[in-house]
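Chains as they are written, first to last, in the numbering used here: chain A, 164 to 423; chain X, 164 to 423; chain D, 6 to 400; chain B, 6 to 400.
Possibly wrong hints are sitting among the right ones.
[Unchecked claim] Pairwise CB distance ranges (calculated): (1) D:Asp268 - A:Val282: 34 to 40 Å; (2) B:Lys45 - X:Gly273: 37 to 43 Å; (3) D:Glu48 - A:Val282: 44 to 50 Å; (4) B:Glu132 - D:Gln367: 53 to 59 Å; (5) X:Ser365 - B:Asp40: 35 to 41 Å; (6) B:Lys49 - X:Asn166: 57 to 63 Å; (7) D:Asn32 - A:Val282: 39 to 45 Å; (8) A:Asp358 - D:Asn32: 21 to 27 Å; (9) A:Gly273 - D:Glu48: 57 to 63 Å.
If you're looking for bench data, these hints aren't it; they were derived computationally from the structure.
These numbers come from a predicted model, not from an experiment.
Yeah, the Cβ is synthetic: ideal placement off N, Cα and C, and Gly gets one too.
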Amino acid sequence: MSNRIDLKFQELNKLNEKALITFITAGDPNIKTSYKIIEKMIAEGIDILEIGIPFSDPLAEGPSIEKANYRALNSGTTTDDVFKMVEKLRIIYDIPILLMLYVNLIYKYGVEKFIRKCVEAGIDGLIIPDLPIEEVEEIKLYARCNGIYIINLVAPTTKNDRLINIVKKSEGFIYCVSSLGVTGERKNITTDLADYFYRLKSLTDIPLALGFGLSNKKQINGLKGNWNGYIVGSAIVNIIAQYGIESPEYVGSFIKSLKD
Amino acid sequence: MSNRIDLKFQELNKLNEKALITFITAGDPNIKTSYKIIEKMIAEGIDILEIGIPFSDPLAEGPSIEKANYRALNSGTTTDDVFKMVEKLRIIYDIPILLMLYVNLIYKYGVEKFIRKCVEAGIDGLIIPDLPIEEVEEIKLYARCNGIYIINLVAPTTKNDRLINIVKKSEGFIYCVSSLGVTGERKNITTDLADYFYRLKSLTDIPLALGFGLSNKKQINGLKGNWNGYIVGSAIVNIIAQYGIESPEYVGSFIKSLKD
Amino acid sequence: MMNKKFGEFGGQYVPETLMEALIEIENAFNKYIDDPLFKKELEKLYENVANRPSKLYFASEMTKDLGGAKIYLKREDLNYTGSHKINNVLGQMLLAKKMGKKRIICETGAGQHGVATATVAALFKMECQVFMGKEDIQRQALNVFRMELLGAKVTSVDSGTGTLKDAVSEAFRQWTREVDDTYYLMGSIVGPHPYPVMVREFQKIIGEEVKEQILLIEGKMPEAIVACVGGGSNAIGIFHNFIKDVNVKLFGIEAAGSGVDTDFHAATISKGSTGIFHGMKSKFLQDKYGKIMPVYSMSAGLDYPGIGPEHAYLSEIGRAQYIPVTDKEAVEAFEYLSQMEGIIPAIESAHAIYYAMNLAKQMDKDQIIVVNLSGRGDKDVNQVAKYKGVKINEQ
Amino acid sequence: MMNKKFGEFGGQYVPETLMEALIEIENAFNKYIDDPLFKKELEKLYENVANRPSKLYFASEMTKDLGGAKIYLKREDLNYTGSHKINNVLGQMLLAKKMGKKRIICETGAGQHGVATATVAALFKMECQVFMGKEDIQRQALNVFRMELLGAKVTSVDSGTGTLKDAVSEAFRQWTREVDDTYYLMGSIVGPHPYPVMVREFQKIIGEEVKEQILLIEGKMPEAIVACVGGGSNAIGIFHNFIKDVNVKLFGIEAAGSGVDTDFHAATISKGSTGIFHGMKSKFLQDKYGKIMPVYSMSAGLDYPGIGPEHAYLSEIGRAQYIPVTDKEAVEAFEYLSQMEGIIPAIESAHAIYYAMNLAKQMDKDQIIVVNLSGRGDKDVNQVAKYKGVKINEQ
Ligand SMILES: Cc1ncc(COP(=O)(O)O)c(C=O)c1O
Ligand SMILES: Cc1ncc(COP(=O)(O)O)c(C=O)c1O
């Protein structure tokens with residue numbers, strides 16, 4: 164059984180293309196609109212979909228995504244609602260789908276039950292921002308034998324010792340955090356991305372996707388390093404914050420602008 | 164040179180009468196009115212006049228006389244104004260006149276200068292509520308050789324040891340405080356006045372005047388003990404508080420009611 | 006090397022960006038905690054700055070009035086800045102200094118930890134930023150100016166419920182931005198490893214002193230120790246040195262707010278379940294999906310939806326018992342102690358006093374209870390007045 | 006038998022109704038002050054209730070910053086209830102208890118003496134009534150509720166200027182009403198004999214500790230001692246044990262409010278003259294007729310038109326110098342100490358700090374200044390904020 168994520172990167176690799184990975188918080192402003200936004204994004208050609216499950220205290224997020232979480236919770240969105248939406252998407256779409264969520268949502272749901280639900284819904288991987296490799300085993304135990312990837316993150320602060328260790332245990336791709344700090348758009352990324360990229364590349368062949376602070380085509384084109392993919396989140400969430408239930412169109416145009 | 168106070172008590176003694184000693188604060192509501200009130204009181208037959216010099220912090224006074232002090236200060240009354248008023252009174256009246264004042268007014272004025280002024284104005288005695296016999300000598304030194312009496316006070320709390328001492332050093336009369344507490348009208352005087360009187364009488368032949376809380380003829384008539392005089396203050400001050408510059412008439416009628 | 010877990014509780018559930026910082030702190034902590042020089046410096050700070058040792062006070066009037074066990078109060082309220090918080094701040098600040106850090110961030114609820122941190126930061130000439138919930142800033146405006154006076158920058162946190170838990174989250178967020186030169190000085194035995202261990206080590210002086218003092222005064226061990234539990238630092242501070250003494254009963258008192266059967270409480274162990282939040286696996290008040298619940302206690306220092314992992318463990322193995330006490334009961338104890346002993350306790354500590362009042366009555370006269378009087382109540386007088394319907398208008 | 010006068014100053018200028026009460030107190034005081042049992046009890050209270058001894062703290066950062074004499078702070082702010090006032094309250098309360106009194110009255114300005122008295126009264130199970138100026142009640146509403154919490158009755162005084170001096174007068178008035186069973190617990194070394202002597206005897210522990218501590222730490226005597234002067238109790242407390250050591254310079258710092266050349270100050274020695282008030286001959290701010298002048302200082306504890314007779318005497322004979330410091334300068338020192346040492350001083354004590362800051366610069370590095378840090382500044386934060394135009398709104 165091979166994972167859709169691996170297939171996608173193999174495919175892109177052949178075409179010498181980079182993955183466009185986009186993030187929204189499910190249920191922002193409501194689950195129906197989220198579904199429409201996702202359809203639009205897929206229509207515009209995103210490669211991998213990252214869906215956030217809203218949490219009361221999203222402590223790795225900047226103000227944009229933080230507020231998206233509150234909007235989603237206010238619209239009553241639960242973990243089960245997100246699973247239902249993914250099930251519905253899977254009837255039509257075969258795109259790799261990742262859930263982005265805080266570890267407590269899994270833990271409290273019950274790790275085993277959560278992973279089973281992921282399998283049933285057709286989830287390919289999990290991004291858990293508050294689960295460093297030191298603590299990952301408890302969940303990986305269930306994920307691994309069910310073919311669900313846990314996407315590891317690395318940060319500019321990660322030192323070589325741990326980097327080697329993280330990279331060794333990675334699957335799917337590595338989420339490379341571009342900058343110190345939380346999620347959110349950034350005018351300048353001050354990290355030495357060339358060095359960061361080569362340090363990582365020298366350790367692994369797993370695809371490397373860069374995230375945090377990416378917001379437009381021009382910026383992305385100007386980034387140093389031959390990354391395998393780019394993750395765009397806050398820029399999309401900001402559009403949703405502005406246009407609410409009208410946002411699918413606007414998000415669509417934005418994705419288009421990234422692809423051009 | 165004999166003191167008007169002694170002469171007055173000798174005279175009353177012969178007639179088997181009791182002294183009516185009345186108090187007002189000079190300058191309440193203003194010095195002119197005070198003068199008129201005094202004239203009225205003399206006309207109605209008071210025996211001894213006690214004039215208070217206003218002080219910023221009259222700590223032996225209850226609310227009535229305390230407020231009288233503030234009214235008098237607000238009308239701008241100074242120690243010199245009081246001396247002037249007494250000088251004016253002396254042109255016409257030969258009644259014994261006492262000044263009631265807090266020790267600091269004397270001390271700051273200059274003890275020697277103050278006593279000289281008393282002599283010039285025709286003052287017969289001083290009542291200084293915050294000057295117990297333990298501290299009196301400094302002022303008595305000047306008063307004595309100028310024929311000015313310092314009227315000692317005794318209180319129901321004064322024990323025999325000190326009583327003997329106070330009585331021995333007294334002149335003019337003894338101001339016998341009727342009750343614990345500060346000046347002011349009282350419904351009931353709870354001190355055992357008979358015992359108080361005989362305790363004092365067994366020690367001295369000096370006239371004993373009772374003060375604090377006396378307010379009407381009926382009350383005074385009902386008091387135990389064969390006192391040589393009664394001091395009425397707050398009751399008069401209360402009338403002044405009520406009628407202001409109209410008060411001379413009302414004070415006059417009140418004095419009359421005490422004499423009937 | 007200290008263990009990262011207490012049974013299943015504890016761990017390091019934080020964003021990758023912070024992991025190296027935690028490791029750096031852990032290494033420094035392991036290096037210095039047994040270093041005689043560091044220990045000596047810390048001892049001096051305890052003495053010269055915190056005003057330690059704190060008295061063990063025999064509450065004779067209270068004991069007489071209740072007619073049961075002898076009650077002793079460990080007077081952490083007499084520490085400089087008014088609570089036990091300073092012990093931990095001194096330890097961590099000294100460590101941060103050794104690590105070459107120039108900047109300190111921290112969270113605060115009622116402001117006690119913020120004031121203690123701002124105080125020691127001033128003395129150590131460290132830059133200091135305090136995160137405080139918007140609600141708490143309004144409730145404790147005076148403490149805000151106290152911190153500012155001490156040279157600290159106070160940042161209002163209006164995300165979430167605008168209270169302590171959000172201040173912690175925001176401090177974490179800020180830390181990820183400037184993890185290189187900044188030290189996050191956590192105020193209780195919560196958060197990712199090594200904080201729960203570290204804060205305990207810097208607070209255990211309380212229990213060490215108590216044991217020495219009670220043996221000196223009474224020649225025997227106490228039967229019970231009682232402490233309030235927010236994050237749990239004052240409780241672990243007094244418990245730690247007695248954990249092996251199995252005949253000494255340990256009681257942690259939680260904030261029951263309006264009652265544990267209402268929606269307005271912060272009784273984490275009584276009503277919570279195991280979860281992972283703020284970097285640790287522990288007990289939390291949460292819904293079935295793992296959403297952290299809004300909590301309530303009139304005591305800002307206990308108004309937190311979690312508890313330190315070591316307490317979750319002590320509860321699980323039955324070594325300590327955790328008991329809820331309501332606002333109403335705490336106010337009763339607040340007034341009782343004020344009038345009985347002339348001691349106005351922190352409203353946090355009043356929770357512990359209340360339980361001790363009941364416990365004492367069920368015990369014999371030759372038995373002993375030690376209550377951790379974790380802080381002074383000046384800060385709470387305003388709120389208790391309001392609770393009782395008295396209007397205070399300072400001008 | 007203690008002398009009633011200090012040179013020409015002192016004495017007992019009170020209404021006859023109070024004389025026997027003063028004599029009773031004097032006799033009791035003379036009987037107990039040298040009684041080893043009484044001394045032992047008081048020592049225990051100092052230790053267990055007041056939290057004595059108070060630290061002698063080397064202000065290393067301040068010393069470094071100023072570059073002159075070494076500055077030590079006597080940390081009376083760490084006493085229970087937050088100032089030196091408790092020392093005196095414990096002594097007098099113990100005496101009152103020995104005398105069989107059941108009821109205590111006292112005056113208070115900022116509320117420090119009132120809180121200390123209410124605290125110890127609660128512990129001693131004495132009824133307690135506190136007189137406080139109407140103005141001060143409004144300025145320090147929180148302290149009012151603190152006292153009430155402790156079971157005391159607070160009576161508003163609206164006579165005169167509604168401040169400390171009027172509270173003293175009103176307490177005297179009340180005392181004459183119930184002199185039999187009531188003890189007037191005076192808060193400073195003012196009033197009629199035996200108060201100035203008695204309060205000094207109960208405060209002299211400060212200087213005794215300082216001498217022992219400085220000799221232990223530095224092996225030599227300090228060159229200067231600095232203390233703020235309201236009534237003068239904290240100053241005499243630290244001066245007393247050094248008066249015979251003529252090489253130790255003594256500085257009492259008065260409140261200059263808006264400046265000694267304005268109408269808004271409380272600089273009694275600098276601008277006052279000899280008079281008789283509140284039972285004593287001393288220095289007062291008064292007009293030429295002896296009317297007591299309204300005084301002003303932002304510090305409620307220094308906002309009094311007189312000074313203890315012993316200070317008038319020490320000034321007269323040149324043994325101590327009295328120097329005025331303005332509101333503005335005190336606020337500067339308040340902020341300086343907060344940020345330099347992490348210590349928020351009482352605004353009263355900040356007056357002394359300011360003078361020490363200047364004095365230190367004129368002295369050599371091997372010389373020593375000891376400043377009496379008479380109280381903690383939490384109570385003043387609000388007012389300093391207002392002074393600086395910062396709005397604090399507690400909700
Ligand atoms: C006086 C006091 N006690 C207790 C607490 C609760 O914290 P912990 O449980 O960490 O001791 C606080 C927190 O602010 C506090 O100020
Ligand atoms: C902290 C503090 N220092 C000083 C004073 C002034 O009083 P004294 O001069 O008697 O020490 C007060 C009076 O309230 C005070 O609270």
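Hints versus structure:
Distance hint for aspartate 268 of chain D and valine 282 of chain A: a CB-CB separation of about 36 Å, consistent with the stated range 34 to 40 Å. At about 50 Å, the beta-carbon gap between lysine 45 of chain B and glycine 273 of chain X misses the expected band of 37 to 43 Å. Restraint check, glutamate 48 of chain D to valine 282 of chain A: a C-beta distance of roughly 57 Å breaks the suggested window 44 to 50 Å. Checked against the hint of 53 to 59 Å, the C-beta distance between glutamate 132 of chain B and glutamine 367 of chain D comes to roughly 32 Å, which is inconsistent with it.
Range check, serine 365 of chain X to aspartate 40 of chain B: about 38 Å between beta-carbon atoms, so the 35 to 41 Å window is met. The hint said 57 to 63 Å for the Cβ distance between lysine 49 of chain B and asparagine 166 of chain X, and at roughly 59 Å that hint holds. Roughly 40 Å separates the CB atoms of asparagine 32 of chain D and valine 282 of chain A, a value that falls within the hinted 39 to 45 Å. Between aspartate 358 of chain A and asparagine 32 of chain D the beta carbon distance is about 25 Å. The supplied range of 21 to 27 Å therefore holds.
In this structure the supplied range 57 to 63 Å is violated for glycine 273 of chain A paired with glutamate 48 of chain D, their Cβ-Cβ distance being about 48 Å.
Comparing the model with each numbered hint stated earlier shows that hints 2, 3, 4, 9 do not hold.
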